[in-house]
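K.L.:
Each chain, written out:
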Amino acid sequence: NAGVTQTPKFQVLKTGQSMTLQCAQDMNHEYMSWYRQDPGMGLRLIHYSVGAGITDQGEVPNGYNVSRSTTEDFPLRLLSAAPSQTSVYFCASSYSVQGTYEQYFGPGTRLTVT
Amino acid sequence: AQSVAQPEDQVNVAEGNPLTVKCTYSVSGNPYLFWYVQYPNRGLQFLLKYITGDNLVKGSYGFEAEFNKSQTSFHLKKPSALVSDSALYFCAVRDFTGTASKLTFGTGTRLQVTL
Chain A
1 NAGVTQTPKF QVLKTGQSMT LQCAQDMNHE YMSWYRQDPG MGLRLIHYSV
51 GAGITDQGEV PNGYNVSRST TEDFPLRLLS AAPSQTSVYF CASSYSVQGT
101 YEQYFGPGTR LTVT
Chain B
1001 AQSVAQPEDQ VNVAEGNPLT VKCTYSVSGN PYLFWYVQYP NRGLQFLLKY
1051 ITGDNLVKGS YGFEAEFNKS QTSFHLKKPS ALVSDSALYF CAVRDFTGTA
1101 SKLTFGTGTR LQVTL
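So the protein sequences, as listed, match chains A and B. 1 is the number of the first residue of the first sequence in this note's numbering; add one for each residue after it. 1001 is the number of the first residue of the second sequence in this note's numbering; add one for each residue after it.
A portion of the hints provided could be inaccurate.
Label pairs and their in silico Cβ distance ranges [stated by the list, open to error]:
{"hint": "1", "chain 1": "B", "residue 1": "THR1020", "chain 2": "A", "residue 2": "GLY40", "range": "13 to 23 angstroms"}
{"hint": "2", "chain 1": "A", "residue 1": "VAL88", "chain 2": "B", "residue 2": "ALA1005", "range": "46 to 56 angstroms"}
{"hint": "3", "chain 1": "B", "residue 1": "ASP1054", "chain 2": "A", "residue 2": "GLY3", "range": "41 to 51 angstroms"}
{"hint": "4", "chain 1": "B", "residue 1": "ASN1055", "chain 2": "A", "residue 2": "GLY16", "range": "27 to 37 angstroms"}
{"hint": "5", "chain 1": "A", "residue 1": "THR112", "chain 2": "B", "residue 2": "ASN1017", "range": "31 to 41 angstroms"}
{"hint": "6", "chain 1": "A", "residue 1": "SER69", "chain 2": "B", "residue 2": "ASN1017", "range": "46 to 56 angstroms"}
Every beta carbon over 10 angstroms from chain B, so not counted as near; a handful from chain A, in silico [claimed, not checked]:
{"hint": "7", "residue": "PRO8"}
{"hint": "8", "residue": "ASN65"}
{"hint": "9", "residue": "SER69"}
No lab work stands behind these hints, which were simulated from the structure alone. Each residue gets a CB set at the ideal place from its N, CA and C atoms; glycine is no exception.
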């Protein structure tokens, strides 16, 4: 299994540009989520999904959209990039929404918005 | 709302010495607690979790954690540190809100193990 994969690894955007961060998992996991990691702030939840066709907002959803058309894929869209969105983005998945299951993380995408 | 606190930004320990990385939590119900490790330029890796049962939980790479309900703590420990343990460590607590559970992370503690 490849686990959780993310593309691209690095990206530089200009303010106002849009882009999609890709995330895929091959473990047939029910639950997927997106986090951003900023220095001194830990990881903050952006959006999550409990299954295909179902998404919900996390702690910091503004400026981001998600969709979940298949179990495997959970792309994150930046609608109009802002310098405040400069961060490292992690996708994660978990076998179930039940709280006892640990999450598996992708390698991350480092995004810089100028 | 639930929260996690990691009071130390950095912990320094000599190789071979025991290490402790501290974590305290706040939840309204029973906590599900997790420790993750992040090596440079990598994603987070699961180390161990407490769900129920024995207060001492053993995990990967020789790490263990002690759940203390009265002190609302879940400190990560290892009897003998290795230089290769140097990394960023995150404590997390599971929250049940709405239709799904969410994981809330602490701000992380950088562990530096030196020879």
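K.L.:
So does SER69 of chain A sit 46 to 56 angstroms from ASN1017 of chain B, Cβ to Cβ?
P.N.:
holds (51 angstroms)
K.L.:
Does the hinted range 41 to 51 angstroms hold for ASP1054 of chain B and GLY3 of chain A at CB?
P.N.:
Since ASP1054 of chain B and GLY3 of chain A have Cβ atoms about 29 angstroms apart, the given range 41 to 51 angstroms is violated.
K.L.:
Does the no-contact call for PRO8 of chain A survive, Cβ to all of chain B over 10 angstroms?
P.N.:
holds (14 angstroms)
K.L.:
Take the C-beta atom of THR112 of chain A and the C-beta atom of ASN1017 of chain B, compute their distance, and say whether it sits inside 31 to 41 angstroms.
P.N.:
Distance hint for THR112 of chain A, ASN1017 of chain B holds at roughly 39 angstroms.
K.L.:
VAL88 of chain A and ALA1005 of chain B, beta-carbon distance inside 46 to 56 angstroms?
P.N.:
For VAL88 of chain A and ALA1005 of chain B the Cβ distance comes to about 22 angstroms; the hint is violated.
K.L.:
Please settle this one: ASN65 of chain A was flagged as non-interface, so is its CB more than 10 angstroms from every CB on chain B?
P.N.:
It holds; ASN65 of chain A is separated from chain B by about 18 angstroms at its closest Cβ, greater than 10 angstroms.
K.L.:
Look at the Cβ atoms of ASN1055 of chain B and GLY16 of chain A and judge whether their distance stays inside 27 to 37 angstroms.
P.N.:
Cβ of ASN1055 of chain B to Cβ of GLY16 of chain A: about 52 angstroms, so the range 27 to 37 angstroms is violated.
K.L.:
Is it true that the C-beta distance of THR1020 of chain B to GLY40 of chain A lies inside 13 to 23 angstroms, as the hint says?
P.N.:
holds (21 angstroms)
K.L.:
Beyond 10 angstroms on every Cβ pair: is that true for SER69 of chain A relative to chain B?
P.N.:
holds (18 angstroms)
In summary, the structure is inconsistent with hints 2, 3, 4 from the numbered list given earlier, while agreeing with the others.
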